[in-house]
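So you can see what is in the structure, the chains are spelled out below.
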Amino acid sequence: MTSGRLVEYEGGGDETRSNPWLAELQQQMFVEINPADANNAGVKHGEQVWVEGPEGGKIKVMAFVTNRVGRGLVFMPFHFAGHYQGKDLRNKYPEGCDPYILGESCNTVFTYGYDSVTAMQETKVSLCRLQKA
Amino acid sequence: MKLIKRSTSPSAAHQKNLNRREFIKHSGLAVGASALASQLPFTMMEKAQAQATQLTNTPEIATIKSVCTHCSVGCGVIAEVQNGVWIGQEPAFDHPINLGAHCAKGASVREHGHGDRRLKYPMKQINGQWKRITWQQAIDEIGDKMLEIRQQSGPDSVYWLGSSKHNNEQSYLFRKFAAFWGSNNIDHQARICHSTTVAGVANTWGYGAMTNSFNDIHNSKAILIIGGNPAEAHPVSMQHIFKAKEQGAPLIVIDPRLTRTAAHASQHIRLRPGTDVPLILGMLWHIFENHWEDKEFIRQRVYGMDKVRKEVAQWTPDKVEQVTGVSENELYQAAKTMATHKPGTFIWCMGGTQHTIGNNNTRAYCIFQLALGNMGVAGGGTNIFRGHDNVQGATDLGPNAHTLPGYYGLAEGAWKHWATVWDIDFQWLSGRFDKALYDDGTGANKRTMNMSGIPVSRWIDGILEEKQNISQQDNIRAMVLWGHAPNSQTRAPEMKKAMEKLDLLVVVDPYPSNSAVLHDRTENTYLLPASTQFETYGSLTSSNRSLQWRDQVIEPLFESRPDHQILYQFAEKLGFADQMFKHIQVKNSVPLIEDITKEINKGTWTIGYTGQTYERLKKQQQNWHTFNTTTLIAEGGPCDGEYFGLPWPCWGTSEQQHPGTPILYDTTKPVAQGGLTFRARFGVERDGVSLLAEDSYSKDSEIKQGYPEFSADLLKQLGWWNELTDKEKQLAEGKNWKTDLSGGIQRVAIKHGCAPFGNAKARCIVWQFPDPVPVHREPLYSNRRDMVNKYTVYGQKYLTTFIIIDLHSVCYRMSKVHFSA
Ligand code: SF4
Chain P
82 MTSGRLVEYE
92 GGGDETRSNP
102 WLAELQQQMF
112 VEINPADANN
122 AGVKHGEQVW
132 VEGPEGGKIK
142 VMAFVTNRVG
152 RGLVFMPFHF
162 AGHYQGKDLR
172 NKYPEGCDPY
182 ILGESCNTVF
192 TYGYDSVTAM
202 QETKVSLCRL
212 QKA
Chain S
337 MKLIKRSTSP
347 SAAHQKNLNR
357 REFIKHSGLA
367 VGASALASQL
377 PFTMMEKAQA
387 QATQLTNTPE
397 IATIKSVCTH
407 CSVGCGVIAE
417 VQNGVWIGQE
427 PAFDHPINLG
437 AHCAKGASVR
447 EHGHGDRRLK
457 YPMKQINGQW
467 KRITWQQAID
477 EIGDKMLEIR
487 QQSGPDSVYW
497 LGSSKHNNEQ
507 SYLFRKFAAF
517 WGSNNIDHQA
527 RICHSTTVAG
537 VANTWGYGAM
547 TNSFNDIHNS
557 KAILIIGGNP
567 AEAHPVSMQH
577 IFKAKEQGAP
587 LIVIDPRLTR
597 TAAHASQHIR
607 LRPGTDVPLI
617 LGMLWHIFEN
627 HWEDKEFIRQ
637 RVYGMDKVRK
647 EVAQWTPDKV
657 EQVTGVSENE
667 LYQAAKTMAT
677 HKPGTFIWCM
687 GGTQHTIGNN
697 NTRAYCIFQL
707 ALGNMGVAGG
717 GTNIFRGHDN
727 VQGATDLGPN
737 AHTLPGYYGL
747 AEGAWKHWAT
757 VWDIDFQWLS
767 GRFDKALYDD
777 GTGANKRTMN
787 MSGIPVSRWI
797 DGILEEKQNI
807 SQQDNIRAMV
817 LWGHAPNSQT
827 RAPEMKKAME
837 KLDLLVVVDP
847 YPSNSAVLHD
857 RTENTYLLPA
867 STQFETYGSL
877 TSSNRSLQWR
887 DQVIEPLFES
897 RPDHQILYQF
907 AEKLGFADQM
917 FKHIQVKNSV
927 PLIEDITKEI
937 NKGTWTIGYT
947 GQTYERLKKQ
957 QQNWHTFNTT
967 TLIAEGGPCD
977 GEYFGLPWPC
987 WGTSEQQHPG
997 TPILYDTTKP
1007 VAQGGLTFRA
1017 RFGVERDGVS
1027 LLAEDSYSKD
1037 SEIKQGYPEF
1047 SADLLKQLGW
1057 WNELTDKEKQ
1067 LAEGKNWKTD
1077 LSGGIQRVAI
1087 KHGCAPFGNA
1097 KARCIVWQFP
1107 DPVPVHREPL
1117 YSNRRDMVNK
1127 YTVYGQKYLT
1137 TFIIIDLHSV
1147 CYRMSKVHFS
1157 A
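Sequences listed follow chains P and S, in order. So the first sequence is numbered by my numbering: it starts at 82 and just counts up by one. So the second sequence is numbered by my numbering: it starts at 337 and just counts up by one.
Check the hints yourself; a few may be wrong.
No farther apart than 27 Å at their CA atoms in a straight line, the calculated lysine-lysine pairs in the DSSO-like style are these [what the hints assert, rightly or not]:
no. : chain 1 : residue 1 : chain 2 : residue 2
1   : S       : Lys832    : P       : Lys173
2   : S       : Lys1035   : S       : Lys678
3   : P       : Lys168    : S       : Lys460
4   : S       : Lys678    : P       : Lys173
5   : S       : Lys678    : S       : Lys481
6   : S       : Lys557    : P       : Lys173
What the hints contain is simulated information worked out from the structure, not anything from laboratory work.
Model the full structure from these sequences, guided by the hints.
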């Protein structure tokens, strides 16, 4: 699996997901899955799917079935937070300060691994298992 | 919760109870209109009255210049402010970088001036519930707890996680703050975005930054983007890429995913994630095979290409295909395109950097450009697009675990340099740190003052790891997350545990962030509302090393405060404000930004942050319309001859009026006009082979060969010492171009056409790194079992560069789970 950005959000996304103009444009955390992989997993576009990482984290997100990713690869944006392993944490924010859009953070499943010189984390390649939720 | 609105809303105007005669007068309606007015229903009359008041009684609309806070492209924003309320926004049409364009994020920044979902007051968790508290209570309680932890566990048990969202002045102040607190446990987002770029690139040719500019891409004859998706991450940069493309430059995008950028590509190559090195070496295989390399450039300006050739020889097309999944034909096409369309630019982002061998990837990219002779030329370069709006400036000046401002490092000399700039006794400063010695990971013992702190990617290990595995007195017990979203870091389940183990968790941010909700803490958790960059002012450094000045758009919203004010309050509480702000004016607990800019100018000689005074930056901001939109040079007007943003290095003191360096290592211009050589950073020879440039020098250089970096001694050897003034001589004696606070050494070197940092070759072999020549190693979690034993990860020995000693990485962590596919 790999991760990346969306035009509407920045970084961890708290600021931009709290901006109504941007929040309206991108309302759901998702995982891009190649049609062949989706079919093998029995998952349809728009359905909820569990993405499980090798170190025990798992997240429940919407399947975005698309040829943007090749077979054997899934992609997730990293701007979302506020859901954790299937649980919505909205009521834990101070009143009136919860971002409009919450979602699972892909880094709940991204794993250990650091550059040998700078301790950069390895967020552009890891492994996962997909399961229909 | 009740929002405190500062706006003068229509309902406020309403209360003024204008009578009907006044309404007609103000509304400008003529006599005949009164008849019409009398026929209107009462409710409509009310509304019309309110509007009429606004038209006549409210102040004029001010237009204020700022810069978008959402990425490092640095688009100009025009804010329209009336009566303290941000009522309108325009993209700056006359700004040389964005030329009137904004992406979705930039177009929505006015929302910051309203901030419905902002954190409004300091808050504290009591019994799991958020309660509003005062600033005074927050600072007192947090400060007392920190002082207690400091006493029990030493200063390294408090971690200060800073941000790329600070402006330059706040970033610098944040680094200074940690120094005065007495710990290097401080870091920010650059660690997890381009740290491997900075390390890889700086170790190849001197500086770790984007070499050219967005605008300079107009001059590119080919564009290669690997592991970058600027159409989404840096949208406005695409207009410069498109300009080159319209002029005929092919666009090659290498990415495992058909991104929105790849959708525009002339050629899109999908690689298996984590195989950048074999892919680049595979392209070099075709380049060497077809003799497309720039032999003269390599002879004059590159060290160690022969070693690269040996590594490249192994990467035959069939082997490359096996590892990367890219066919011989595809790669040959791409290599040929780059070799036959010169100069070409090479752009990369996180797809290349965020790997366990990120530093190998970034060096492979540099070597590719060196082989083609694409460095130091307009249209060429390694154009590394940075992320956050001020991640470049924060890297240069701010919260870093491994260095003081300006990449001076953490050795004693670096501390002494900054102690002099700060006018502080070095012994006093040293006394702020833990005095004990610890294993630095290489077997040597050092004080934590001279060791890199725990990097942001590993702070959770600083909390969870056994004490004896961490080279400091105790675990991290207090964590300050300042402008930092923890969901950008991996291993959230462990992070949750780590947060719950802390004695104290403090969040300083305009929004509560994931740090407020991820954990199940019930006490000792504080949220402090910080202001955004629109509620203060100061400078920032965009990706292309250009500095820009933001004016303040609005007053801090709700009870939020700007970062520099909050830092001052903490320094005061923790007892070192007088020393830290010795030369920085503070009014009502707000430090003066201009004084901080001055201090940056005073000390940051290494990367040329000395010439960009606030006066020059403000002048440029007022005249941003006078800059050429390709070369970025001002044509006429008050900034005539300067480059936009005085891109660093802007050498010497401001009296020298250096115009900034728009393209790094460009020998076709004199250094005084923005030209440069490769930096002599790695000594003058290696194994008997010279590392200095051969027959290559910048225009008008009086030394027509390679030369080492400038120092007082070198000036004396050259017979140039007496060109220093007496005052300069006093300060320059025994110093070099980085530590001479008079600027005289730089001034005299440049007067003779020389680069203060020397003239050397770029190097393809970084002998200090685990892999001196970049090689392939499989990702830690690889989907190719057949590859993992051939291209192994590092052993434990190399993973100890930071305080945490790594126990986990000797072998692959092959996953038990697999794709269900
Ligand atoms: S490209 Fe970057 S700087 Fe420009 S408007 Fe978009 S987010 Fe802001």
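Cross-check of the supplied hints:
Distance restraint check for Lys832(S) and Lys173(P): the Cα-Cα separation of roughly 14 Å lies within the 27 Å cut-off, and the hinted pair is therefore satisfied. Under the criterion of a C-alpha separation no larger than 27 Å, the hint pairing Lys1035(S) with Lys678(S) is consistent with the structure, at around 22 Å. Between Lys168(P) and Lys460(S), the direct Cα distance comes to roughly 23 Å. Compliance with the 27 Å bound is thereby established for this hinted pair. With a CA separation close to 56 Å, the supplied pair Lys678(S) and Lys173(P) exceeds the 27 Å bound.
Between Lys678(S) and Lys481(S) the CA atoms are separated by roughly 60 Å; this puts the pair beyond 27 Å, and the hint is violated. In summary, the hint linking Lys557(S) to Lys173(P) is not supported, as the alpha carbons are separated by about 53 Å, beyond the 27 Å threshold.
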